[in-house]
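Here the protein sequences come in this chain order: A, B, C, D, E and F.
When we follow the UniProt record's numbering, the leftmost residue of the first sequence carries the number 1, and every step to the right adds one.
When we follow the UniProt record's numbering, the leftmost residue of the second sequence carries the number 1, and every step to the right adds one.
When we follow the UniProt record's numbering, the leftmost residue of the third sequence carries the number 1, and every step to the right adds one.
When we follow the UniProt record's numbering, the leftmost residue of the fourth sequence carries the number 1, and every step to the right adds one.
When we follow the UniProt record's numbering, the leftmost residue of the fifth sequence carries the number 1, and every step to the right adds one.
When we follow the UniProt record's numbering, the leftmost residue of the sixth sequence carries the number 1, and every step to the right adds one.
Since the hints were made in silico from the structure, they are not lab data.
Do not rely on the hints blindly, as some may be mistaken.
As the list claims (entries may be wrong) - Chain F is faced by these chain C residues, among others (derived, beta-carbon under 8 angstroms): (1) P2; (2) Q123; (3) T129; (4) A230; (5) P234; (6) Y239.
Bear in mind that the values here come from a model prediction, so they are computed numbers and not experimental data.
We put the beta carbon where it would ideally sit given N, CA and C, even for glycine.
There are 6 protein chains.
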Amino acid sequence: MPRVDLPLDQLLEYRCTTPEPDDLDEFWTTTLAENDHPLDVVLSRVDTGLTLVETYDVTFAGYGGAPIKAWLHLPAGHQGRLPVVVQFHGYSGGRGLPQQMAPWPLAGWAHLTVDTRGQGWSQGGVDPTPDPDAAAASSHYPGSMTSGVESPQTYFYRRVYTDAVRALQVAASLEQVDPDRVLVTGGSQGGAITIAAAGLAPKAGVRLAGAMPDVPFLCDFRRSLEIASAGPYPEIEAYLKGWRGRGEQVLNTLNYFDNVHLARRAECPTLFSVALLDTVCPPSTVYAAYAEWRAEKEIAVYEYNGHEGGQAYQQARQLGWARARLG
Amino acid sequence: MPRVDLPLDQLLEYRCTTPEPDDLDEFWTTTLAENDHPLDVVLSRVDTGLTLVETYDVTFAGYGGAPIKAWLHLPAGHQGRLPVVVQFHGYSGGRGLPQQMAPWPLAGWAHLTVDTRGQGWSQGGVDPTPDPDAAAASSHYPGSMTSGVESPQTYFYRRVYTDAVRALQVAASLEQVDPDRVLVTGGSQGGAITIAAAGLAPKAGVRLAGAMPDVPFLCDFRRSLEIASAGPYPEIEAYLKGWRGRGEQVLNTLNYFDNVHLARRAECPTLFSVALLDTVCPPSTVYAAYAEWRAEKEIAVYEYNGHEGGQAYQQARQLGWARARLG
Amino acid sequence: MPRVDLPLDQLLEYRCTTPEPDDLDEFWTTTLAENDHPLDVVLSRVDTGLTLVETYDVTFAGYGGAPIKAWLHLPAGHQGRLPVVVQFHGYSGGRGLPQQMAPWPLAGWAHLTVDTRGQGWSQGGVDPTPDPDAAAASSHYPGSMTSGVESPQTYFYRRVYTDAVRALQVAASLEQVDPDRVLVTGGSQGGAITIAAAGLAPKAGVRLAGAMPDVPFLCDFRRSLEIASAGPYPEIEAYLKGWRGRGEQVLNTLNYFDNVHLARRAECPTLFSVALLDTVCPPSTVYAAYAEWRAEKEIAVYEYNGHEGGQAYQQARQLGWARARLG
Amino acid sequence: MPRVDLPLDQLLEYRCTTPEPDDLDEFWTTTLAENDHPLDVVLSRVDTGLTLVETYDVTFAGYGGAPIKAWLHLPAGHQGRLPVVVQFHGYSGGRGLPQQMAPWPLAGWAHLTVDTRGQGWSQGGVDPTPDPDAAAASSHYPGSMTSGVESPQTYFYRRVYTDAVRALQVAASLEQVDPDRVLVTGGSQGGAITIAAAGLAPKAGVRLAGAMPDVPFLCDFRRSLEIASAGPYPEIEAYLKGWRGRGEQVLNTLNYFDNVHLARRAECPTLFSVALLDTVCPPSTVYAAYAEWRAEKEIAVYEYNGHEGGQAYQQARQLGWARARLG
Amino acid sequence: MPRVDLPLDQLLEYRCTTPEPDDLDEFWTTTLAENDHPLDVVLSRVDTGLTLVETYDVTFAGYGGAPIKAWLHLPAGHQGRLPVVVQFHGYSGGRGLPQQMAPWPLAGWAHLTVDTRGQGWSQGGVDPTPDPDAAAASSHYPGSMTSGVESPQTYFYRRVYTDAVRALQVAASLEQVDPDRVLVTGGSQGGAITIAAAGLAPKAGVRLAGAMPDVPFLCDFRRSLEIASAGPYPEIEAYLKGWRGRGEQVLNTLNYFDNVHLARRAECPTLFSVALLDTVCPPSTVYAAYAEWRAEKEIAVYEYNGHEGGQAYQQARQLGWARARLG
Amino acid sequence: MPRVDLPLDQLLEYRCTTPEPDDLDEFWTTTLAENDHPLDVVLSRVDTGLTLVETYDVTFAGYGGAPIKAWLHLPAGHQGRLPVVVQFHGYSGGRGLPQQMAPWPLAGWAHLTVDTRGQGWSQGGVDPTPDPDAAAASSHYPGSMTSGVESPQTYFYRRVYTDAVRALQVAASLEQVDPDRVLVTGGSQGGAITIAAAGLAPKAGVRLAGAMPDVPFLCDFRRSLEIASAGPYPEIEAYLKGWRGRGEQVLNTLNYFDNVHLARRAECPTLFSVALLDTVCPPSTVYAAYAEWRAEKEIAVYEYNGHEGGQAYQQARQLGWARARLG
């Protein structure tokens with residue numbers, strides 16, 4: 001198949017050249033400070049029929065105080081404080097039904113799987129999480145990518161990244177959890193939120209044990225727009241196709257959410273994955289974020305895969321990587 | 001090309017068999033009563049460079065008081081009270097730029113071209129009209145079709161149809177306009193809003209001189225879902241694909257907005273158009289609404305056209321039809 | 001979306017009219033008798049890193065003695081004889097990696113997930129299961145559907161169905177398993193094999209506690225060829241497109257493998273699922289098999305889904321159904 | 001694959017219900033009379049490098065006297081008067097290069113392969129045959145289907161069918177040919193011209209020994225327009241999509257060229273072929289023409305083929321059929 | 001979306017390197033001289049129902065004396081000699097119906113909208129303009145692009161460009177028009193004809209006030225063939241695919257019609273537009289022509305648009321640009 | 001159309017940089033030695049109805065002794081020992097029916113057209129040739145490309161190339177054939193086998209008079225995987241998509257079958273053809289093999305063609321080239 005991006009040797013050298021906004025730290029420090037209200041975590045036990053795992057319906061107060069939904073899975077009969085894996089989801093997805101299991105609780109760990117506000121349509125499930133912010137009312141191209149894209153203050157992912165940092169705080173605050181052993185993970189948009197959460201965690205006083213983003217989205221926006229032929233990036237171009245002349249304004253907004261910049265701020269070890277035929281999250285943009293990660297890092301490369309990435313192969317690799325860190 | 005719907009002789013006989021909700025009139029009477037606040041019309045003159053036409057930027061208070069945008073075009077040097085054509089737009093469109101002209105002002109009439117809240121992305125233009133209602137925050141499949149579809153009270157088109165009835169009131173209230181010569185028109189979603197506005201106008205005390213819906217959308221939802229292969233109807237199925245088990249709830253909501261039922265309440269003459277190869281607004285669903293119209297009516301049939309319908313041919317036909325009614 | 005098959009009320013009445021081969025029972029009795037060699041089960045423990053589940057690599061002797069691979073998952077620290085769920089896989093899939101978990105072991109049950117010989121390409125994993133039979137050498141259209149389709153004796157699914165019956169025998173023979181509580185399940189091709197295994201189980205002396213086929217394949221071949229627009233059925237037409245004139249010969253072969261006929265022979269309760277927009281396994285063909293099931297039965301209907309069917313929703317429903325039968 | 005037309009049992013009963021034009025015979029009698037100028041056949045020997053076959057470049061005067069090109073192939077060293085097969089070509093094709101061999105000369109017969117005026121673009125070759133008629137200048141949708149479709153007098157196929165009848169006369173007039181053993185054949189458009197030539201031959205005093213149309217085009221236009229999803233029929237709809245309101249005028253023109261009507265006039269035996277998955281020349285329209293053939297007839301049915309039809313299988317069948325008639 | 005051409009900074013530097021034919025000026029001088037017959041303009045008033053605009057059906061003698069159709073729109077009640085905008089149309093289009101209005105007459109100017117011979121099929125309308133030239137009879141790939149492409153003398157656009165120069169002469173000759181204020185415009189093929197008309201106008205003694213080509217076609221043929229993936233350029237490749245070996249002959253013909261060369265000869269100011277995602281008229285080929293324009297020039301760049309270009313945004317920009325020149 | 005590979009001037013310079021396996025000669029010498037069993041040629045006369053040609057059904061012992069089928073066509077009434085053309089077929093094809101004629105026997109030569117084991121599905125015909133080797137049983141992605149790709153010893157094309165060398169030996173051994181005038185030809189996969197047969201012929205003691213590969217497949221595998229967007233190369237990527245991590249193993253296998261390396265070993269003159277828009281067998285990979293050919297060579301370039309290449313044009317060119325060598 002025709003290559004979709006640079007050959008591997010050039011990917012390894014590729015760097016994003018867009019400078020970060022001068023006030024990037026200030027923007028996020030302010031955002032998190034403005035959203036420093038109590039977490040208001042509510043847990044309620046759910047019967048899934050799966051006797052090896054104990055499951056709770058979780059609600060906490062996200063950006064602007066909006067209620068965010070999650071599932072908490074714990075190994076049945078657990079004892080002591082457990083390591084925890086916090087997981088975010090791909091664009092359109094969400095926590096789904098409580099029976100949907102990732103392998104983490106089967107490894108003996110807690111697992112917090114968190115909704116993305118305003119999404120969930122591809123899975124359905126129970127009680128979706130709305131995006132009740134006033135900024136969500138703006139006229140935009142359908143989907144999340146251009147919701148409030150007029151300014152960094154109103155952009156959709158300002159709310160989502162803040163929700164994510166608060167989800168880490170929720171995880172660390174649980175009585176069943178060891179706050180020194182918090183991992184964060186997710187694929188595609190979930191990978192983007194993973195990097196963002198890892199990059200912003202230090203500002204929120206959260207110390208992560210590791211981050212495992214897979215085929216992450218929302219990296220190196222300018223290049224992503226020039227390469228991605230599928231997935232949500234083209235929503236931005238669809239918006240700019242109608243609203244001619246707003247290109248620079250939009251790119252300025254997006255730059256506050258570019259995970260190339262947020263990766264630079266992460267302090268925990270990381271295991272990335274990248275797929276060289278990925279037309280949704282082009283490999284150069286994943287490498288661009290990976291290149292900026294300053295703590296211990298490794299990357300799994302899937303040469304002949306598209307956006308599905310490593311799937312079970314990567315899950316197995318993550319399990320090994322996590323076991324080495326979480327015991 | 002394979003036919004997309006019934007053959008013409010059967011289209012003429014086709015009737016929608018879904019009964020209307022028992023409380024349909026109550027629902028709409030209540031909705032309009034709850035939104036009976038002042039119109040708060042603001043006009044401001046715009047320079048388009050087109051010397052034959054005078055153009056105004058219009059804002060009025062729609063559903064819930066939200067500001068709705070429109071352009072008002074008047075023939076330059078007009079005298080006396082003019083007939084007016086109120087136009088609504090297709091899904092994703094809007095009033096666009098003030099230079100975009102329909103033929104109505106060139107015929108010597110006023111023309112009020114009205115935004116659809118939350119849309120406009122395919123055209124861009126000036127100051128889009130947001131949809132600031134709390135119900136718009138719900139998690140839904142991207143696009144307008146499933147926004148608030150959980151109940152008739154929260155559904156997107158409750159707000160849009162109400163905005164439309166108020167746009168008729170705005171048009172009739174203008175000092176340059178003869179309130180006895182108000183026509184309403186639009187294609188696709190604009191055709192749907194045309195029928196809805198005509199059907200609800202009597203409840204709002206608006207007497208229309210005519211309605212000209214082209215290839216109208218939002219008619220006979222059950223059948224539309226079973227036939228339409230393109231356009232916005234499939235958004236509903238995409239929502240139900242994820243949110244399994246909500247089919248009847250959603251169809252119940254949609255039934256309050258079905259133009260088969262609202263057509264039954266219209267009291268003015270009408271000129272419909274239908275395209276027999278239309279995969280977006282299937283011809284049987286257009287005929288289903290047309291069949292219920294009880295006032296004087298005619299329909300232009302485009303046998304070999306898809307959703308583009310009659311285009312300039314229909315415009316010419318509408319001009320003739322309107323001239324016969326408006327002078 | 002345009003309907004892909006009959007409307008629901010007609011689906012409920014639809015029956016396959018192709019008579020079964022006169023010697024169908026003889027064919028299968030002979031086939032199973034010819035393959036009544038020892039099961040030669042070999043188990044070897046695998047470390048998956050998942051502490052709640054114990055996993056074994058399983059090999060047993062299938063049709064013609066060929067080695068068939070499976071994973072056996074058991075809840076860690078299990079005691080006594082467990083219920084077991086035997087799972088077969090969709091076309092192109094297989095048991096995959098040992099970390100890939102279905103919910104069954106989390107419910108406290110044994111889970112045997114079995115390869116389909118000659119497949120597995122869409123997942124990869126560990127040690128694929130070849131199809132070393134001489135009949136597999138025939139020139140055929142790529143894929144499994146026409147492998148050996150010249151006669152019932154040489155057809156691919158003769159080997160696969162036999163492997164499946166033997167997998168049930170393997171499950172029932174395990175020391176950790178209660179042979180009176182064996183369930184069988186699978187989706188698509190896995191659903192086809194589920195029905196076939198349930199229909200043939202009585203001939204092999206296996207008494208099943210239940211069968212849960214999802215969106216099953218290989219039912220009502222004549223109609224499937226006339227409706228399915230995606231998936232493997234069109235491989236048969238591709239074969240017949242080149243090898244003109246072999247239609248009746250091929251349909252005669254397929255009739256020995258039609259699950260409409262094998263469903264008629266099943267003796268255990270069943271929970272089917274069907275998706276009304278399924279273009280791979282058309283809903284009428286699923287109903288055709290369901291109609292012939294003579295034991296206790298129910299069917300989950302997904303009105304707005306394609307071949308993905310109910311996914312997590314169906315998994316939750318299956319868990320409840322299985323709990324009611326297996327405790 | 002979803003069936004594209006009626007099931008086989010209904011195809012056998014299907015009849016076209018469009019009545020033929022009252023003046024159909026008059027139209028064609030006049031057309032042929034107006035084009036009764038000398039054939040002006042010119043042959044010139046060509047070296048193809050194929051020693052078993054002798055090849056001539058042929059030019060003759062077609063409709064309006066325009067020069068039409070053909071190749072004449074004869075078995076090398078032939079003796080006496082040979083049977084001849086006259087072949088017409090599919091839409092876009094033509095006689096191509098002189099090295100392109102059909103099996104006819106290898107069977108010991110003469111073979112005259114004739115250009116279609118204005119076509120040939122898909123093959124290239126030597127000296128294309130233009131369509132210099134004044135009627136060809138009309139503005140029409142690209143391709144041949146709507147060239148001059150405004151009236152029967154100006155329509156493209158008036159010229160082509162006349163050229164074809166004259167090609168039969170050319171063949172019968174050759175000194176190497178036995179005028180009592182003339183066969184005509186062709187596939188798709190070539191099949192259409194075959195039927196037309198056979199139907200018009202009696203008016204031109206040509207007695208044919210047989211006609212072998214494969215998957216013929218230009219039959220039962222109304223139905224073809226409603227079924228065909230590929231190939232040239234949709235050109236007609238593309239024309240009517242732009243030129244709204246001309247539907248009946250165009251269908252009236254086409255009716256003079258419908259091979260359902262011309263088949264009724266054929267007097268020689270025939271071997272048809274039809275493909276049941278043909279989306280270009282729908283099988284019901286082929287059966288509609290076949291049903292009207294009043295002389296001895298048979299039809300080869302390719303159940304799992306599209307417009308490619310029987311290819312080499314049909315060639316073999318034709319050879320046998322022709323041998324039985326031509327010796 | 002993947003970029004379709006060079007990045008913007010390289011577009012600005014890009015130059016076409018194909019040298020122009022030595023006899024280019026001679027070719028066009030001869031062509032125009034051979035077609036210097038009287039214009040034979042006939043105007044007849046049409047009732048459009050649009051009271052602000054007066055419309056005339058125009059016929060004039062084009063290349064070879066063939067009658068070319070146009071509409072002339074004038075502001076009702078106009079006085080004195082008006083500026084005029086002459087508009088040409090995109091491939092397949094034409095003047096359409098007389099009710100189809102561009103904004104020019106609304107700005108108080110005359111507007112002459114001119115048919116392209118042999119086209120018009122995508123719009124329909126009234127009385128299409130045929131292409132009765134003998135060269136149009138040649139066998140070519142369907143569509144206009146290869147009609148007569150065998151030589152510059154016979155090529156389709158020789159006739160079209162000549163018609164266009166004569167349309168400028170018609171406009172300048174009208175009694176209602178000020179011959180010193182003639183603008184020419186058009187999009188896509190209309191943009192190509194705009195450049196050609198501007199480049200050839202000096203040879204015909206026409207002095208233009210400005211040219212406004214949008215996303216122009218027929219520039220830098222060699223590169224266009226290597227980049228364009230949609231629209232009419234691929235017709236040329238389809239022709240060469242069949243008629244193997246004619247590549248250089250065809251490129252030689254096209255070079256006489258390349259607007260890179262004709263742009264070099266234009267003497268009036270210009271406003272271009274270009275769309276950076278245009279797959280029909282690749283942006284580098286537009287810049288190639290723009291780079292050669294030697295008079296005052298500016299270009300509107302639409303970064304996120306395809307061949308639709310700026311639409312209403314560009315119309316607004318053109319109005320401003322034209323007002324500054326025409327008053 | 002966007003170019004699919006390098007421009008022509010760079011194609012001429014392109015070289016494959018993958019080194020050949022150190023033991024390439026040993027691998028093939030051993031393979032051929034292991035398959036040096038008697039040819040066991042069986043001929044039986046077939047009646048095709050074509051009187052100018054005499055046809056035989058041929059069976060010979062291929063790799064591992066498996067029976068390989070072919071047709072032998074001879075000019076009727078031939079005398080003395082004839083030149084012979086041995087032809088191999090494209091992927092999915094085969095010898096087909098005995099009536100299918102290439103031009104070779106019409107030029108007075110013998111023609112041996114040989115099946116590819118395990119293929120033939122796109123043509124049907126008589127008695128397909130199976131691939132009964134044990135290595136064919138492996139689980140692989142459907143189609144031939146990954147059958148046994150785990151090692152050079154088990155790979156599908158080891159068997160096919162050996163069959164081909166033996167087919168040359170069969171041809172040379174026929175009593176009707178002059179063993180000094182053996183040509184080999186084929187297109188696509190048939191072109192690949194042509195090069196392989198020519199490269200391996202010296203090891204088998206066969207002296208060829210020439211080789212005519214058209215748009216050959218299986219050249220420069222690494223680059224082919226990066227360019228080809230259609231045809232069988234993507235089967236390899238589909239296999240590696242599931243079986244992650246096997247890339248280098250597979251590329252190592254393929255390197256033993258790369259015709260860049262085998263072309264280097266050919267000793268006879270050659271006429272290649274290449275198509276510059278070929279997305280199945282990218283032109284650079286054809287040039288890569290051509291560049292390594294060390295005997296007399298020429299190449300026909302089809303600039304505007306895809307994988308269909310030169311068709312009848314190339315056939316005519318081959319006839320001329322062959323006549324110059326075979327008389």
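Next on the checklist: Flag every earlier hint the structure violates by its number, smallest first.
Outcome noted: 1, 4 and 5
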